[in-house]
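Q: Chains A and B are the protein sequences, given in the same order. Count along the first sequence from 1, then add 60; that gives the number in the working numbering. Count along the second sequence from 1, then add 153; that gives the number in the working numbering.
Keep in mind that a hint or two might mislead.
What the hints assert, rightly or not - Straight-line Cα separation of at most 25 angstroms, BS3-like style, residue types lysine-lysine; simulated pairs: (1) A:Lys160 to A:Lys170; (2) B:Lys429 to A:Lys133; (3) A:Lys160 to B:Lys340; (4) A:Lys163 to B:Lys340; (5) A:Lys133 to B:Lys247; (6) A:Lys76 to B:Lys251; (7) B:Lys429 to A:Lys187; (8) A:Lys76 to B:Lys247; (9) A:Lys187 to B:Lys354; (10) A:Lys89 to A:Lys285; (11) B:Lys249 to B:Lys385; (12) A:Lys87 to A:Lys133; (13) A:Lys76 to B:Lys201; (14) A:Lys160 to B:Lys354; (15) B:Lys253 to A:Lys76; (16) B:Lys354 to A:Lys170; (17) A:Lys403 to A:Lys325; (18) A:Lys236 to A:Lys87; (19) A:Lys89 to A:Lys133; (20) A:Lys236 to A:Lys328; (21) B:Lys340 to A:Lys164.
Bear in mind the hints are in silico, worked out from the structure with no lab data behind them. If you're wondering where the values come from, they're calculated on a predicted model, not measured in any experiment.
One letter stands for each residue in the lines below.
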Amino acid sequence: MYVELKHINKHFGNFKASDDVTVGIEKGKLIGLLGPSGSGKTTILRMIAGLENPDSGEIIIDGKVINNVPASKRGIGFVFQSYALFRYMTVFDNVAFGLKIAKKPANEIKERVHELLELVGLSGLEKRYPSELSGGQRQRVAFARALAPNPQLLLLDEPFAAIDAKVRQELRSWLKGMIQKLGVTSIFVTHDQDEAIEVADEIIITNRGRIEQVGSPYEVYSNPKTAFTASFFGQPSIFKDYSNFRRFDILENAENAIVRPEFVKVTKKNEVQKYKSSAEEGVVEEVDFRGYGIELRVRVNGVLLTARRSFDQPRIDVGEAVDVFIYRMFVTQGDTATLLENKSLREPVVVI
Amino acid sequence: MSAVTQSGLHRDTKGSKLVRYSLIGISLLFVFLMLILPLITVITEAFKQGFAVYSKAVADDYTIKAILLTLEASFFAVAINTVFGLCAAWSLTKFKFKGKKILATLIDLPVTVSPIIAGLIFLLTFGRQSPIFPLLQDADIKIVFAVPGIVLATIFVTFPFISRELIPVLESQGTDEEEAAALMGAKGFTIFRRITFPHIKWAFLYGVVLCAARAMGEFGAVSVISGHLRGKTNTLPLHVEILFNEFQYVPAFAVASILVMLAILILVARSVIEHKGRKK
Ligand SMILES: Nc1ncnc2c1ncn2[C@@H]1O[C@H](COP(=O)(O)OP(=O)(O)OP(=O)(O)O)[C@@H](O)[C@H]1O
Ligand SMILES: [Mg+2]
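Chain B extracted, bound-state conformation (with noise of 0.2 angstroms):
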């Protein structure tokens, strides 16, 4: 270990002292200003004018509706999107079949595709112009300007974070240890249950938060299909740019605050989740 250092390289080949500390400067630099620098300010603005002003804000009737209506597509996406990524996680790295290539790709499309693309194909299908309109209005359901739509739209959004995570370990993991325990009369979800699930729970508990910490704060798609009806579609993000457009700076700092300390969370709910993944 002595001439090796930690990361494998040999010391020779990391460059001299002043390459290694203006790389580090120069990152660390472009975090602050990037990321600190920007979440100080909105902290900061959020209490500009004391406490009081922000409780107020926060408690306000209709922030608290965003709140939970964001957390509630939150919900969905991440209940939905589990059970979809796990079934077509399961079925790229478990099965052969036709389409198998085509089904990964797809699976893609959401993050490639803009935000604002994913809420207008909703608007489309979903809205007056389409030809299920008339239908969806004789059995009385509401998608567009309403709840469902959001729902929709994040979890269009926030589709591949799942399976995305499950599948390298799917892959990974080869079917051996299915096989002997099929092999010794364990039925599927038993299989499920005590082999596979182990193996992949990290990374499943990994794929949540990603997915979770995409939907809560989506605001591309969700603001084309939400219709912006206070209190009834407004998700938190939208809620901001609705008091930011009112020129209501404080109350839209202080509700971007919360959305800054759900992001707080979930960046240490993941590294929590990381740190033990990785110690198994």
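So that you can see chain A by itself, here it is in the shape it has in the complex (with noise of 0.2 angstroms):
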């Protein structure tokens, strides 16, 4: 593992914003940390940056602890949430600044910055202040700022958050591109979990200043172990008693029943459809377009689920009787979640 933390813990006054994190990152990976509005993910990258301390346990960085190193000689590189770009100077001397509080020799500085603003794709633009810059852009120069200084481990917080969807997008496969040809260990925050999915090789999900799971972004969305974790992603219907569903088996003090888009399947009375005999009678409450097709709010068993489907299936309108087909669901005990599926998935298919 080259960067590792174990046991962390910190308060801010009353408030545990991490609470006993232990998690290992391997070298040239590129993590994301996930997590919803104050789980701790900032705090969790200002500590490994040196900017906060813990009140107890462990950094360590290449078998080194470095509790005690400050963080001017961690060698990290970081990156704002809002840039922090030096405004008073030039995109230029805002690249070369760490270089020359290291004093290096000027024609050095000005080979490295040169090529560092290609590599980012601003080469031309030395001379322009921050403020002249666009949003994608400044990102930009900030990722080739903390890059400047050749780091070992590079944070970033929440790099595409002030950056239009459309911007973003690119951005994305751009820093995952760039980071990959550099082969430096990153780790950056997102609260979006498709930014997460997409761009991570690995995502630590974050709650209440806890980890939740870590793993690849299949495992963690597919395989949740947590009960945050499990309705954390996709777009969840959650309900509590989920015993009128008759093909699912009933757990122990089950806690929420978690139900996914993707788990779930509208067809028409007149659709022809594998398992028709086990699907529940719904009545569809809700039709709403979107850009990849239709999304349907179905009340099944008094509880209203999300579904989806798509252009070229035959319409459906609100207020009709329809047929709901559930393949699986999440079903929360305390803090774990357990996978269920439908049994007739099991079963031998009668087509009718």
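Could you use the hints to bring the two separately framed chains together as a complex?
A: Structure (structure tokens):
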């Protein structure tokens, strides 16, 4: 493990921002730190960078405990949420700042800055001030500035938060490519699950100062271990009592049932469907147009579920009675989540 | 931009021409009566008996001494309040500590308290009836009825000017840029010089100008503690008062005109600074 956090605790006054955080990060990986607002993501990043001290626990980088190493000596590049570009310095001076502080010779600085600006595609903008750049350009300057002193570890706090949706999409793949090319171990914070899934090699999920789960995007999405993770991803419908859904095993002490849209298949009464016989009866309450297709809200056994259909399927109207088949659901017991499959999936199919 | 006027208000909401012109008229009339007219009076009274009398009054030994003392007191007030203002503004905006609210409130005290009271405070603290007076006397330090007292009183009344200008700018900046610089290995003073100061420069200069203006014009606090010793503890405003009380009207107005000119100079400096600061 290249970066290791061991039993980190951090309070702000009485508020526990980090609660026994223990996690390891492999060298060269791009890690997404994902969690809702206020879950302690920035706090973790700032402690690794040395901008904040943990109350207890160890921070280890490359085998050395660095709790007492000052921030400036940790060799970490940091991209701030607001970029924190030096607004009274040109793009060139922003990127050159760390090198000047390190007293590198002038020609070497010049070379490195030009190399970096070329890398991030900003050659020719050396003389601009941050206020004269677009959001995406600022982000790239911040990235170049953080990389200038050749950090071994790059930390990015919500690098795309301040950028509009279209550019954000481009920058995501750009950043992912860039970091892969450079091979620098990186941790980026986000509260956007799509972003984490798309960009990260591995996702660390935080909630209320604790680490909920660590794993590949596929792993954390499809195999959530905790109640929080199960309910965090997708667009879940969450309800208490699922005993009316007869095709699912009943677990003891079950708290919540969680059904994601992709677990639900809605068909019209006259449509052919493999598991027609074990489908539930539902009534459509809402039909919304989305870019990718149609989003439905269907009431089944008194529970409102979200489901999706594509445009090429026959039209469904509000108030229509439909068949609803639920493939699977997560059921939480205390802090853990269990995946339940519809029993019909295991039974021989009877085609009518 | 067609229906929306420059200030962003829709034309209809600005009322009729009559309202507009009468409001502007009232403002102009007021400024004329309250500011321009008195200023003109000061200048004309000063030159009433010709330039020779004016220059004699201005070149008078006591006047020169008063000018020098005023400049000295203003210089110290600005210098010390610069240091204090930077420290206070910095700690109030960048640190969290107990008593922060109290400090912020106390800084404003000098503007809310009457200058006379300020003078009295120093008179009572360092004067004959004070318990530390013997100590000062042993050390041969004179504060009351001496230059140090005047400097102290001036510092007191101009106390909040610089910090009050700095606090909003520092607050709006946040700490990100400084943290970014620190992460790259910059030390405290480098961070201040390269990151913080460029940001607060214009607000700072503006504060210095306000502080200087107030320091030069201060009358109340200084009056109490000075003892009015001509040529020793007389500042320009005090000198004007003395001349006036002695019915020496022309010299009184002549000296006053110096203050007016200083004020105009400062106004110009202020506009330049404001203009430059806004451009950034
Ligand atoms: N300096 C501080 N003083 C007091 N409380 C703080 C401080 N920094 C963070 N907190 C608190 O700690 C909690 C975690 O904050 P943190 O900034 O780490 O959240 P986050 O996960 O980054 O959230 P966001 O997605 O909104 O940025 C929050 O409830 C916040 O109010
Ligand atoms: Mg944050």
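Q: Are the hints correct? Go through all of them and say.
A: Here is what the structure says about each hint:
1. At roughly 10 angstroms between alpha-carbon atoms, A:Lys160 and A:Lys170 fall within 25 angstroms of each other, so this suggested pair holds.
2. The hinted pair formed by B:Lys429 and A:Lys133 fails the criterion: a straight-line CA distance of about 38 angstroms is larger than 25 angstroms.
3. A hinted pair counts as satisfied when its Cα atoms are at most 25 angstroms apart, and A:Lys160 with B:Lys340 qualifies at roughly 12 angstroms.
4. A distance of roughly 13 angstroms separates the Cα atoms of A:Lys163 and B:Lys340; the hinted pair therefore holds under the 25 angstroms criterion.
5. Restraint check: the Cα-Cα separation between A:Lys133 and B:Lys247 comes to about 22 angstroms, which is no more than 25 angstroms; the hinted pair holds.
6. Between A:Lys76 and B:Lys251 the CA atoms are separated by roughly 21 angstroms; this keeps the pair inside 25 angstroms, and the hint holds.
7. This hinted pair checks out: B:Lys429 and A:Lys187 have alpha carbons roughly 21 angstroms apart, not beyond 25 angstroms.
8. Note on A:Lys76 and B:Lys247: the hinted pairing holds, with a Cα-Cα distance of about 22 angstroms set against a maximum of 25 angstroms.
9. Distance restraint check for A:Lys187 and B:Lys354: the Cα-Cα separation of roughly 22 angstroms lies within the 25 angstroms cut-off, and the hinted pair is therefore satisfied.
10. Taking the CA atoms of A:Lys89 and A:Lys285, the gap is near 22 angstroms; set against the 25 angstroms cutoff, the hint holds.
11. A hinted pair counts as satisfied when its Cα atoms are at most 25 angstroms apart, and B:Lys249 with B:Lys385 does not qualify at roughly 45 angstroms.
12. Taking the CA atoms of A:Lys87 and A:Lys133, the gap is about 19 angstroms. The hint holds against a cut of 25 angstroms.
13. Using a Cα cut-off of 25 angstroms, the hinted pair A:Lys76 and B:Lys201 is violated, with the two alpha carbons roughly 76 angstroms apart.
14. Simply put, A:Lys160 and B:Lys354 have alpha-carbon atoms about 23 angstroms apart, close enough for the 25 angstroms limit, and the pair holds.
15. Restraint check for B:Lys253 and A:Lys76: satisfied, since their Cα atoms lie roughly 24 angstroms apart, inside the 25 angstroms limit.
16. With a C-alpha separation of about 28 angstroms, the suggested pair B:Lys354 and A:Lys170 falls outside the 25 angstroms cut-off, and the hint is violated.
17. The hinted pair formed by A:Lys403 and A:Lys325 meets the criterion: a straight-line CA distance of about 15 angstroms does not exceed 25 angstroms.
18. For the given pair, A:Lys236 sits about 15 angstroms from A:Lys87 by alpha-carbon distance, which is consistent with the 25 angstroms threshold.
19. This hinted pair checks out: A:Lys89 and A:Lys133 have alpha carbons roughly 22 angstroms apart, not beyond 25 angstroms.
20. Of the supplied pair hints, the one linking A:Lys236 and A:Lys328 is violated, its CA atoms being roughly 42 angstroms apart against a limit of 25 angstroms.
21. With a CA separation close to 16 angstroms, the supplied pair B:Lys340 and A:Lys164 stays within the 25 angstroms bound.
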